[in-house]
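Asks: Given next are the chains, with one letter for each unit.
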Amino acid sequence: MSLALQIVVTGLAAGGVYGVVAIGYTLIYRLTGVVHFALGDFIALAVFATLLVAAGTGPVTQTSVGGARFVLALAIGLAVCFAAGELTYLLAIKPYLDRGSTIGWVAVTVAIAFAIRAVLSAVFKRPSYVFPDPLPFRDIGKGGVVSIAGASIQVRAFFVIALAVALAALATWTLEHTRSGRGLQAIASDLEGAQVVGIPVTRLVAGAFGVAGGLAGLVAIAAAPSAPFDVDSGTLLGVKGLVAAVIVGFGSPWRAFAAGLTLGVAEATIASASISGVELGPAYRDVLPIAVALLVVALRRRPALELE
Amino acid sequence: MRSAALTRTGTAIAAAARDARRAWGWPAHAAAAGVVLALLAPLFLDSIDVQSLASWLYLALAATGLGFAVGLAGMPSLGQGAFMAIGAFTAALLRTKAGAGPFEAALSGLVVATLAGLVLGVAFVRLGRVLFAVATWLLAWLVALTLAAFPAISGGAQGLVISRGSLGETAHYELALVLVVISSLALFAIARGAPGRALSALRERRAAALALGVRATRLRLGAFVGSAGIGGLAGALSVQLAGIADPAGYGPFLSFKLFAAVLLGGMTSAIGGIAGLGVISGITHLSHWIGALEHLSTTRFDPMLAALLLLAVLGLGGQGLVPFLRRRSWRVGRPAAPAASASRPAPAAGAVLGAHGISKSFGGLVALADLSLEAGPGTILALIGPNGSGKTTALRTFSGTLVPDSGRIELDREAITEEPLEGRVRRGIVRTLQRTAVFEGMTALENVLVGADLRRRHAGAVRTVLATPKSRAEDERARAGAHGLLEVVGLGAAAETPAAELSSSEQRLVMLASALAGSPRVLLLDEISAGGSAEDVGRISRVLDELRRSGLSIVLVEHNLRLVRAVASSVIVLDHGRVIASGSPDAIARLPRVREAYLGTHRL
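Chains as they are written, first to last, in this note's numbering: chain A, 1 to 308; chain B, 1 to 604.
No lab work stands behind these hints: they were computed from the structure.
Possibly wrong hints are sitting among the right ones.
What the hints assert, rightly or not - No farther apart than 25 Å at their CA atoms in a straight line, the calculated lysine to aspartate or glutamate pairs in the DMTMM-like style are these: (1) K97/B / D246/B; (2) K125/A / D230/A; (3) K125/A / E476/B; (4) K125/A / D370/B.
Claimed, not checked - To list a few chain B residues with every Cβ distance to chain A over 10 Å, as calculated: (5) A41; (6) S108; (7) L127; (8) R129; (9) A135; (10) L145; (11) A149; (12) F150; (13) M304; (14) A349; (15) S361; (16) E410.
Note that the structure is predicted; figures quoted are calculated from it, not measured.
All C-beta atoms in this analysis are idealised placements derived from N, C-alpha and C, irrespective of residue type, glycine included.
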């Protein structure tokens with residue numbers, strides 16, 4: 001019981017991050033048909049830009065950063081991530097979309113992913129970083145860990161879950177109740193129609209690229225202090241988010257979010273599960289979900305071949 | 001008997017030699033000289049250099065393999081590194097755990113990677129390009145994470161240490177060089193042969209290629225499996241050369257590097273992957289050298305350099321290095337095509353196409369209601385009616401791109417209602433598309449050949465590579481036939497003109513010739529005269545008349561009443577999916593409703 005509770009809460013916390021990343025993929029895919037292969041590295045960009053302003057590239061302890069400086073760092077980190085997302089769309093992806101060259105934008109997004117990773121690993125040379133924690137979770141319970149029904153759970157996990165749900169809700173609410181959001185929906189359902197009625201397509205889509213990265217970056221920053229973070233962590237988050245988005249076929253944002261949460265819990269379960277006495281263990285944690293995603297892609301019933 | 005066969009073989013060999021001489025321009029001389037020099041290189045280099053060159057060549061082999069999937073089939077594969085890894089660890093495990101020899105291990109790597117490619121390919125090649133890229137990207141991660149997570153397979157952080165065995169680095173080098181040359185020659189031959197033509201038709205206009213009966217799934221699967229197998233072989237050999245299988249070397253970056261190499265070098269070129277890899281390695285070495293001067297380690301910048309190079313080339317709108325150089329300096333035209341002997345292939349006998357009570361609705365919209373008709377050999381049946389009356393829908397149910405909700409379609413009294421497009425084309429039902437749909441990157445002749453290749457029996461990838469006498473003879477017949485068909489539609493002089501440079505009605509005639517090249521028995525024509533001048537319409541009507549007299553069954557969807565009256569044997573008028581009149585062209589033309597629809601209500 002206590003183990004199950006621990007698995008679910010830890011899983012949901014990890015899954016909340018995956019879910020927000022998956023929303024980013026889904027949003028961009030539905031708007032443009034693009035799968036943003038660099039999204040995970042934009043997350044890393046947001047996290048490390050925040051870290052750079054908050055604490056520099058040196059060693060950090062969790063308590064060493066003050067509130068005001070962290071807020072500034074967070075603002076800059078998210079702004080960098082947002083701007084990078086917008087510019088990527090405008091300068092690197094849109095030209096290929098306009099030409100109808102899928103291979104072109106696939107190559108460009110993957111190239112940008114590796115370029116970001118290379119720059120980050122050149123600046124942040126340590127194998128991994130502790131992320132500063134401006135919120136005083138460590139003052140609650142025993143060093144930030146509370147015991148509920150026998151399960152030891154990081155207080156931060158609840159915060160991450162709440163933030164992820166809030167961001168997912170915010171994203172959906174924005175899509176449905178704001179002018180820009182309705183514009184985006186119009187673009188997703190009928191690009192030419194949207195252009196004809198005067199919706200500023202390029203500006204809105206560029207904004208969506210920025211927001212997709214910014215939201216994912218924000219929730220990743222919130223979760224970052226709970227474990228060491230390195231340059232590859234962002235890329236891996238990107239892969240997890242992609243797995244979640246692929247499993248639900250780039251469906252609606254809520255479905256992508258739910259898939260992310262499920263993926264998180266599934267991973268936590270796999271990591272500590274044993275099937276008829278055989279320990280699955282952490283080795284299977286990363287591998288099984290990707291295999292499942294590939295199976296889903298392979299087996300999904302597709303609409304009749306596009307022939308005309 | 002025997003001497004006749006010998007003579008035939010002799011003639012075939014002589015012809016092959018003649019062709020080879022014709023194609024043997026100075027670039028081929030230069031390439032051959034380069035290969036010979038490269039083969040001799042180990043005599044002048046020390047073993048460390050030979051080893052690193054050999055290891056580079058294996059990477060080039062994997063990149064050439066990837067050219068099959070990316071260049072030939074246009075599938076953005078981000079998973080070539082995964083197949084290298086599969087080959088490498090198969091070989092490494094067999095060498096270390098099962099005591100296999102180097103060649104057994106290499107062969108097993110090839111086989112396992114090919115099988116993996118086959119299984120994954122069956123699932124992946126049906127996907128669109130975007131999902132294909134996603135699937136191969138996830139595959140790259142799956143393999144990398146599997147290797148990281150299971151030390152039992154990968155040997156953990158230390159990797160698997162393989163004893164050198166009987167193959168020295170010089171042997172590896174020569175083997176790698178020979179494999180690279182063979183695989184790029186094969187890629188070159190396939191790209192220029194029938195499979196390459198079909199794949200590039202598919203890349204350009206999928207719908208039009210499918211309508212001509214191109215076997216998309218099979219061709220793309222073949223390209224993908226080939227690329228996986230070559231990648232696996234490269235991995236299995238390079239891992240033995242290195243003497244260690246290090247799981248960290250087979251991450252997604254390897255896949256990206258190979259993909260970037262193919263695009264950098266030019267995906268349309270058989271040596272694009274090699275050239276691109278050369279550029280990446282050259283720049284990387286340069287940066288390491290500069291870094292060493294400053295006592296910096298620049299290894300961490302390698303991905304950056306590859307990425308930036310790729311971004312630069314793509315940003316400049318480049319087709320890649322090799323096509324760029326070819327345009328700039330080489331300027332060697334293609335070897336002149338064999339003298340254009342034109343022969344009109346004997347037309348196939350027409351067949352009876354019958355439709356019985358066909359209905360089709362899209363949601364609440366009735367597109368076809370209870371349509372019955374019959375088109376027989378030597379006749380032209382015209383379907384006319386206003387826009388949205390169901391004419392094209394009817395053609396689509398005949399050609400197999402649409403399954404009717406109810407009713408039966410028969411060919412020579414045999415039900416084919418459920419038969420998919422590909423099968424119907426093989427049975428002889430061929431349709432031209434409403435929009436102009438030529439393959440603009442090809443010449444008029446090549447366009448027609450795409451249709452002709454469908455009926456060829458000796459044009460598979462292997463036969464194309466080996467250029468077997470049968471395959472070559474067949475190729476010559478196909479070319480002559482295609483020439484003949486271009487003459488039939490009046491475009492004999494335009495055979496070598498790029499299709500993009502033809503006028504739109506000439507493009508429609510090319511499309512018609514491509515359809516005819518598959519020796520159809522029933523020809524479905526969708527607005528073949530649209531947008532043509534009176535002269536064009538006259539030309540089309542002469543062509544159709546001749547085809548009818550040759551015994552073909554033709555169903556014609558047309559807006560141009562003049563053409564219908566000139567060629568049709570009988571006419572069916574559709575409105576809102578229903579037949580509102582049928583009869584001879586003249587009788588139909590006199591009907592008030594038709595006059596109203598086509599000529600307006602004014603009396604002439």
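Asks: Determine for every hint whether it applies to the structure shown.
Replies: Do the hints match the structure? See the list:
no.	hint	in the structure
1	K97/B / D246/B	holds (16 Å)
2	K125/A / D230/A	holds (10 Å)
3	K125/A / E476/B	violated (63 Å)
4	K125/A / D370/B	violated (73 Å)
5	A41	holds (32 Å)
6	S108	holds (23 Å)
7	L127	violated (7 Å)
8	R129	violated (4 Å)
9	A135	violated (5 Å)
10	L145	violated (5 Å)
11	A149	violated (4 Å)
12	F150	violated (6 Å)
13	M304	violated (3 Å)
14	A349	holds (28 Å)
15	S361	holds (16 Å)
16	E410	holds (22 Å)
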